[in-house]
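**Q** Chains A and B are the protein sequences, given in the same order. Numbering follows our numbering, in which position 62 of the first sequence is assigned residue number 62; successive positions increment by one, without gaps. Numbering follows our numbering, in which position 77 of the second sequence is assigned residue number 1077; successive positions increment by one, without gaps.
Possibly wrong hints are sitting among the right ones.
Covered stretches of chain B, as calculated for chain A (at least 3 residues, CB under 8 angstroms) [as the list claims (entries may be wrong)]: (1) 1037 to 1045; (2) 1087 to 1101.
Over 12 angstroms on every C-beta distance to chain B, these chain A residues come out as not near it, computed from the model [as the list claims (entries may be wrong)]: (3) Pro8; (4) Lys42; (5) Glu56; (6) Lys68; (7) Ala70; (8) Val87; (9) Ala91; (10) Met99; (11) Arg107.
Because the hints were derived from the structure by calculation, they are not lab data. A virtual CB, placed ideally from N, CA and C, is assigned to each residue, including glycine.
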Amino acid sequence: GENVEQHPSTLSVQEGDSAVIKCTYSDSASNYFPWYKQELGKRPQLIIDIRSNVGEKKDQRIAVTLNKTAKHFSLHITETQPEDSAVYFCAASWGAGNMLTFGGGTRLMVKP
Amino acid sequence: EAGVTQSPTHLIKTRGQQATLRCSPISGHTSVYWYQQALGLGLQFLLWYDEGEERNRGNFPPRFSGRQFPNYSSELNVNALELEDSALYLCASSLPGPQHFGDGTRLSIL
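My request is simple: use the sequences and hints to build the entire structure.
**A** As structure tokens, this is what we get:
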């Protein structure tokens, strides 16, 4: 089955800096890669997703890049703000409607 | 539009008991997914239902089971509860398409 590894497990940045979280996946058949943000005590919320026919996708301060050959994808957050502090999860699946395999999560702390 | 709703919010049980967790998907969504999130850990896939059928299950023992009703709502049943079952159980729904999560049920085993 699919295995997703996520690094780093914790990340501390200064407000205004950029943050990068990286994930690798094992199943070359995976073609859908969402990212979720989970604030303390709240539900995971989808913040961006990318499909394997696209190499990069951007939404305001958030971008995701995908390298199918190397089987890794990354989340980039620019101009970080304290409200970006949360746990971020990457995931992979075969098709957007299939079960997701999640990475272990990254706790991002943005210091004001 | 109402999001995914789960009940109860909290559930306290003792070892050996049975627990039933409920999930109502976003209106129009036919797929329901269950995930377990143990404290400080990531999300582990449990079960996937679509159009009333179980489509896939994760690496969990058979005492974890569920069903999906004709209105697409779903139940997760956990029998013979063990201490390590203590976790946040999250339900998600999709059209299919991107999955949207509920707030979860926190199950505590004493």
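**Q** Indicate, hint by hint, whether the structure satisfies it.
**A** For each hint, the structure was consulted:
1. Remark: the segment 1037 to 1045 of chain B is confirmed as covered by chain A, as 5 of its residues place a Cβ nearer than 8 angstroms to a Cβ of that chain, reaching the required three.
2. For the segment 1087 to 1101 of chain B, the proposed coverage by chain A is satisfied: 9 residues have a C-beta within less than 8 angstroms of a C-beta in that chain, meeting the threshold of three.
3. Every C-beta of chain B lies more than 12 angstroms from that of Pro8/A, the closest at about 14 angstroms, which supports listing it as non-interface.
4. Its beta-carbon lying about 7 angstroms from the closest one in chain B, Lys42/A breaks the requirement of being farther than 12 angstroms from that chain.
5. With a least CB separation of 18 angstroms from chain B, Glu56/A remains clear of the 12 angstroms interface cut-off, as annotated.
6. The claim that Lys68/A lies off the interface holds: its Cβ sits roughly 20 angstroms from the closest Cβ of chain B, which is beyond the 12 angstroms cut-off.
7. Listed as outside the interface, Ala70/A is consistent with that label: its C-beta sits roughly 22 angstroms from the nearest C-beta of chain B, beyond the 12 angstroms cut-off.
8. Here Val87/A does not stay apart from chain B, with its beta-carbon only about 9 angstroms from theirs, under the 12 angstroms limit.
9. With 12 angstroms as the threshold on Cβ separation, the claim that Ala91/A sits away from chain B is violated: the shortest Cβ distance comes to roughly 8 angstroms.
10. Interface exclusion of Met99/A from chain B breaks down, the closest Cβ pair being 5 angstroms apart, not more than 12 angstroms.
11. The Cβ of Arg107/A sits about 10 angstroms from the closest Cβ of chain B, inside the 12 angstroms cut-off, so the non-interface label is violated.
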